[in-house]
Amino acid sequence: AQTVTQSQPEMSVQEAETVTLSCTYDTSENNYYLFWYKQPPSRQMILVIRQEAYKQQNATENRFSVNFQKAAKSFSLKISDSQLGDTAMYFCAFMKPTPNTGTASKLTFGTGTRLQVTL
Amino acid sequence: EPEVTQTPSHQVTQMGQEVILRCVPISNHLYFYWYRQILGQKVEFLVSFYNNEISEKSEIFDDQFSVERPDGSNFTLKIRSTKLEDSAMYFCARGRGYSLGYTFGSGTRLTVV
Numbered sequence: 001a002q003t004v005t006q007s008q009p010e011m012s013v014q015e016a017e018t019v020t021l022s023c024t025y026d027t028s029e030n031n032y033y034l035f036w037y038k039q040p041p042s043r044q045m046i047l048v049i050r051q052e053a054y055k056q057q058n059a060t061e062n063r064f065s066v067n068f069q070k071a072a073k074s075f076s077l078k079i080s081d082s083q084l085g086d087t088a089m090y091f092c093a094f095m096k097p098t099p100n101t102g103t104a105s106k107l108t109f110g111t112g113t114r115l116q117v118t119l
Numbered sequence: 120e121p122e123v124t125q126t127p128s129h130q131v132t133q134m135g136q137e138v139i140l141r142c143v144p145i146s147n148h149l150y151f152y153w154y155r156q157i158l159g160q161k162v163e164f165l166v167s168f169y170n171n172e173i174s175e176k177s178e179i180f181d182d183q184f185s186v187e188r189p190d191g192s193n194f195t196l197k198i199r200s201t202k203l204e205d206s207a208m209y210f211c212a213r214g215r216g217y218s219l220g221y222t223f224g225s226g227t228r229l230t231v232v
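One line per chain: the protein sequences are A and B, in this order.
Here the first sequence is numbered in this note's numbering, starting from 1 and rising by one per residue.
Here the second sequence is numbered in this note's numbering, starting from 120 and rising by one per residue.
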């Protein structure tokens, strides 16, 4: 079974600064997908960024980027130019594809990191 | 307009009562998932549902739980006899393909008293 570990329960960053959230995972699979989800106080789950394990290039979405180290099984999220609206819980998640379905299978989540952006 | 809508947004029920949580409206979607998040804890997989059948379920998804798509659009999660520990946020999600992951609904907060 896959496991996802987020070792930072809480983090704080000042507005406009950069912060990195850590995530490690354990799997014997070679092909899989990794995601970061944001959960603001509204409790909505919002996809931030995704990474395919077979791609060496790190994913980037505007101010959000990842550092994917497949050998180390590490998948950290970097938020640049932090904004007050980035305040939220951030969950790292792992997905192993289900053969022959062509669609998403179940996600395994980490315990989350609560990020507070301050003035 | 959200792709996945859940109702109700908040439900309070007495222990032992049955509750039905709904994803509405959804059309032309084949893959659905239910997840649970106990307050302050991580999000946990409950069940996946493909083409009107359960394709995978977790150990949490015991005989108290059931899912169905009664009218071809609404997708429901039923808890037959609620327990205090069933209090949580319940999220419905639509599968979008491996690389895209899910679209989550806005969630239903269930409070069992």
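A couple of the hints might just be wrong.
Pairs of lysine to aspartate or glutamate, DMTMM-like flavour, derived with a Cα cap of 20 Å [unchecked claim]: (1) 78(A) x 10(A); (2) 161(B) x 10(A); (3) 96(A) x 175(B); (4) 78(A) x 15(A); (5) 73(A) x 26(A); (6) 161(B) x 172(B); (7) 96(A) x 178(B); (8) 70(A) x 10(A); (9) 202(B) x 122(B); (10) 70(A) x 15(A); (11) 96(A) x 163(B); (12) 161(B) x 15(A); (13) 202(B) x 190(B); (14) 197(B) x 172(B); (15) 202(B) x 181(B).
To give a feel for the contact side, a few chain A residues facing chain B, derived at Cβ under 7 Å [stated by the list, open to error]: (16) 43; (17) 47; (18) 48; (19) 55.
Interface residues of chain A toward chain B, partial, derived using beta-carbon atoms under 7 Å [said to hold, decoys possible]: (20) 35; (21) 44; (22) 111; (23) 114; (24) 117.
It should be emphasised that the hints constitute simulated quantities derived from the structure, not laboratory data.
All figures in this text were calculated on a predicted structure; none of them were measured in a lab.
Note that beta-carbon positions come from the ideal geometry of N, C-alpha and C, so glycine has one too.
**OP:** For the hint on residue 43(A), just tell me whether its beta-carbon gets within less than 7 Å of chain B.
**Re:** Where the cut-off is 7 Å and the nearest Cβ of chain B is about 5 Å from residue 43(A), the hint holds.
Subject >> residue 48(A) as an interface hint toward chain B, with CB separation required under 7 Å >> reply: violated, 11 Å
Original post:
If you take the shortest Cβ to Cβ gap from residue 55(A) to chain B, is it below 7 Å?
Top reply: violated, 9 Å
Original post:
Does the alpha-carbon distance linking residue 161(B) and residue 15(A) stay inside the 20 Å limit?
Top reply: Violated - the C-alpha atoms of residue 15(A) and residue 161(B) are around 27 Å apart, more than 20 Å.
**OP:** With a cut-off of 20 Å on the C-alpha distance, tell me whether residue 96(A) and residue 178(B) pass.
**Re:** holds, 18 Å
**OP:** Please work out if residue 202(B) and residue 190(B) have their alpha carbons no farther apart than 20 Å.
**Re:** With Cα atoms ~28 Å apart, residue 202(B) and residue 190(B) exceed 20 Å; violated.
Original post:
Given the hint that residue 73(A) pairs with residue 26(A), does the C-alpha gap stay at or below 20 Å?
Top reply: holds, 7 Å
Original post:
Holds or violated: residue 161(B) with residue 10(A), Cα cutoff 20 Å?
Top reply: holds, 14 Å
Subject >> 20 Å limit on alpha-carbon distance, applied to hinted pair residue 197(B) and residue 172(B) >> reply: holds, 15 Å
Original post:
Are the Cα positions of residue 161(B) and residue 172(B) separated by 20 Å at most?
Top reply: violated, 26 Å
Subject >> Status of the residue 111(A) interface restraint (C-beta, 7 Å, chain B) >> reply: Where the cut-off is 7 Å and the nearest Cβ of chain B is about 5 Å from residue 111(A), the hint holds.
Original post:
Hint check: is the beta carbon of residue 117(A) less than 7 Å from a beta carbon of chain B?
Top reply: violated, 20 Å
Going through the hint list in order, the structure does not satisfy hints 6, 8, 9, 10, 12, 13, 18, 19, 23, 24.
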